[in-house]
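Engineer: Given chain A, work out where chain B should sit, using these hints.
Line order of the protein sequences matches chains A and B. In this text, residue positions in the first sequence follow my numbering: the first is -19, and each later residue adds one. In this text, residue positions in the second sequence follow my numbering: the first is 58, and each later residue adds one.
Derived by calculation from the structure, the hints in this document are not laboratory data. From a predicted model like this one, the values you see are computed outputs, not experimental measurements. All C-beta atoms in this analysis are idealised placements derived from N, C-alpha and C, irrespective of residue type, glycine included. Some hints could be false.
Claimed, not checked - Covered stretches of chain B (in silico footprint by chain A; criterion: 3 or more residues with CB under 8 angstroms from a CB of chain A, positions within the stretch not fixed):
| hint | segment |
| --- | --- |
| 1 | 105 to 113 |
| 2 | 125 to 139 |
To be verified - Distance ranges between label pairs, derived from CB positions:
| hint | chain 1 | residue 1 | chain 2 | residue 2 | range |
| --- | --- | --- | --- | --- | --- |
| 3 | B | Asp110 | A | Trp45 | 26 to 32 angstroms |
| 4 | B | Pro121 | A | Trp180 | 33 to 39 angstroms |
| 5 | A | Phe39 | B | Gly164 | 54 to 60 angstroms |
| 6 | A | Val393 | B | Lys133 | 30 to 36 angstroms |
| 7 | A | Trp180 | B | Val87 | 52 to 58 angstroms |
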Amino acid sequence: MTTAQLSSQTACTTAPSVAEVEASCRLPVLFLAFSGVKWLAVGAVLALLASIQLYNPTFMEGCPWVTYGRLRPAAVNALTYGFALQAAFGLSLWLIARLGRVTLTNTLGLFIAGMFWNIAVTVGVIGILAGDATGFDLLEFPLYAALPLFASYALVGAWALVTLHRRTERDLYVSLWFVLAALLWFPWILSTAQGLLLGWQVPGVVQAIVAGWFANNLLQIVLTGFALAVLFYFVPKTVKRPLANPGLAQTGFWLLLLIGGWGGLSQLAAVPAWIPAVSGAANVLVLVPVIALLVCLWQTAEGKIAETWKSNATFRFLLVAAILLLGVTLRTAVFGGHFTQFTFFATARTDIVVLGVFGLAALGALHHIVPRLTTGEDEMPSDGLADLAFWASLLGVLAIGIGFTLAGFKQGVVNGSAESKFLESAVTGIASNLKLVTVGYGALALAALAFLANFALALRRCCAACCGGAR
Amino acid sequence: MSQKTKKPETESAETEPTIAAGGGSAWPFVLLVVLLFGCFLHVESTGGAFRADVFQAGMRTLPPQTDDPPAVKSYKRGAQLYAAGCVGCHQATGLGSAALNFPPLAGSEWVVREKPDRLIRIMLNAVEGPIKVKDITYDNPAMLAFRDVYSDDDIAAIATFIRGNAEWGNSAAFVTPQQVKAIRDGTAAMGSQKWRVESLEPVP
Chain A
-19 MTTAQLSSQT
-9 ACTTAPSVAE
1 VEASCRLPVL
11 FLAFSGVKWL
21 AVGAVLALLA
31 SIQLYNPTFM
41 EGCPWVTYGR
51 LRPAAVNALT
61 YGFALQAAFG
71 LSLWLIARLG
81 RVTLTNTLGL
91 FIAGMFWNIA
101 VTVGVIGILA
111 GDATGFDLLE
121 FPLYAALPLF
131 ASYALVGAWA
141 LVTLHRRTER
151 DLYVSLWFVL
161 AALLWFPWIL
171 STAQGLLLGW
181 QVPGVVQAIV
191 AGWFANNLLQ
201 IVLTGFALAV
211 LFYFVPKTVK
221 RPLANPGLAQ
231 TGFWLLLLIG
241 GWGGLSQLAA
251 VPAWIPAVSG
261 AANVLVLVPV
271 IALLVCLWQT
281 AEGKIAETWK
291 SNATFRFLLV
301 AAILLLGVTL
311 RTAVFGGHFT
321 QFTFFATART
331 DIVVLGVFGL
341 AALGALHHIV
351 PRLTTGEDEM
361 PSDGLADLAF
371 WASLLGVLAI
381 GIGFTLAGFK
391 QGVVNGSAES
401 KFLESAVTGI
411 ASNLKLVTVG
421 YGALALAALA
431 FLANFALALR
441 RCCAACCGGA
451 R
Chain B
58 MSQKTKKPET
68 ESAETEPTIA
78 AGGGSAWPFV
88 LLVVLLFGCF
98 LHVESTGGAF
108 RADVFQAGMR
118 TLPPQTDDPP
128 AVKSYKRGAQ
138 LYAAGCVGCH
148 QATGLGSAAL
158 NFPPLAGSEW
168 VVREKPDRLI
178 RIMLNAVEGP
188 IKVKDITYDN
198 PAMLAFRDVY
208 SDDDIAAIAT
218 FIRGNAEWGN
228 SAAFVTPQQV
238 KAIRDGTAAM
248 GSQKWRVESL
258 EPVP
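In isolation and in its complexed conformation, chain A is listed as follows (with noise of 0.2 angstroms):
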């Protein structure tokens, strides 16, 4: 105790700058940055494709390696692991320094290792391309990729990990304890999940449920933990205003971490009936923090709401990351039985939870860090290509949403009836809903684009900034 006032005392005095701070983010949370939105392009066009072939399945007939089998898990682990967990590490390594006051510990050794998990990325793509995909859904990378993949994790976490325990700010504001609590329950869970499928290899429908737990787990707790991070960090900053009421978040943070991981397994088959029943019920009580959350951050931002959305480009994302995650939540809550089981509506959740309620909001964080640790400014260089990325990546998540929930309760109602005719409404009938879906994605890779793009632009005028116009 003694030791640790000391050090918190000795330390205050060497608190280093914010100029300091965001020197040491550079590399590392750029980094991070540009190759998340790289892989969420990349991802995005994996995913558009993909889509193509469920209503024209001769598209690209004849290649093993682009048939929807493969390029569905290949975009949909390109979009999880490649974009949204490497966004949300940058995110993590940008909070912790900031709200911890401290400078990065290794900054050569986080870019490296950022390198690997892309290179690892890189490797479990073109595996499930090539046919090495282990079949568990969110854990499709095969071994040779899923162990360099955890490597260069554990290199990050530990020195994300290393920076928090060495800040000069020894009060931990809101967002670091999601941080700090997605940051230790990811590995954990991938562990977990890897060790047990394939390397004990347990049988048959314990698979289903470890790679359910696994896959809920990393959506509800570690990707929405990344996000309410970016919104209470955010939010707050960009209404001008202190957090208001952090009890409830308090509450919040703690029923999420108590009730999240439970969730999830409500549609699983030939299972023993408590297990969807008590996933059911675990789905309904997740509403409780999650709404006790948002409300804390709607109490802070009460009032300015239409003021700051006009005003600034990072508060606009963040809004509609909010009613995302309200939205996805109640979806599961109700729709999340045996209605909907086996058909479009559970794979939309996976789409709106990374691409929608994480992938918003950690674009919308992006928009401001970005310019921060680049031109010094508040705001990217070019505001039409922020407005594009923007909306466009609004649009695609909402016709991602929206298609695949409608084609799942299209899907939902023929299951449901023995009369009607399967192939004509279930498969045939929703094309027009799956057609938007590819529109969808087709807006997210625009967005991502644009985004790249702005940050190009930013990075050239830091660079002939620095260099004295060389370039």
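Structural biologist: Chain B in isolation, oriented as in the chain A frame:
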């Protein structure tokens, strides 16, 4: 691309978000309790009483086991009777023993015929004198007549087991008690006299 003039550093970009004083609300816990009640009802009605062997939502116990078909029941009972009364000579493998003069049942042309009539006759009254089974001639008077030992059901069960035993490589059809009863009544005049190969050969 329009070149923007560098804005002065705004306060929000430099400072971190702060936390307002106070806070804490009870309503999440009230909501939690209300939802928990509904969840308990849901799990109670669809959770299969937390049994590891109940897979169907809404059921609390295993679905009733459907009975085996008569032939399968008969086969299982035949296996028990065989183990009690026949295994001593014909062995658990059904191969008998050429050295000890016990003819085999596995693959025996006397057992796996299309019709069980010869087999039922042998079981009822036994057979004596030389008998050629799978190219080896046996002559063992020790075979017992089971006419007064086993009921029609028992003999049908044993015959079903012997004829249909896949482990022995046999796959002939099952035998019903009615078939046994018909032959028992038809050969009642034989008393305790045993069959000989010559007297069995006209039987289909």
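Engineer: A separate judgement is required for each hint: does it hold in the structure or not?
Structural biologist: How the hints compare with the structure:
no.	hint	verdict
1	105 to 113	holds (count 9)
2	125 to 139	violated (count 0)
3	Asp110(B) - Trp45(A): 26 to 32 angstroms	violated (43 angstroms)
4	Pro121(B) - Trp180(A): 33 to 39 angstroms	holds (36 angstroms)
5	Phe39(A) - Gly164(B): 54 to 60 angstroms	holds (58 angstroms)
6	Val393(A) - Lys133(B): 30 to 36 angstroms	violated (46 angstroms)
7	Trp180(A) - Val87(B): 52 to 58 angstroms	violated (43 angstroms)
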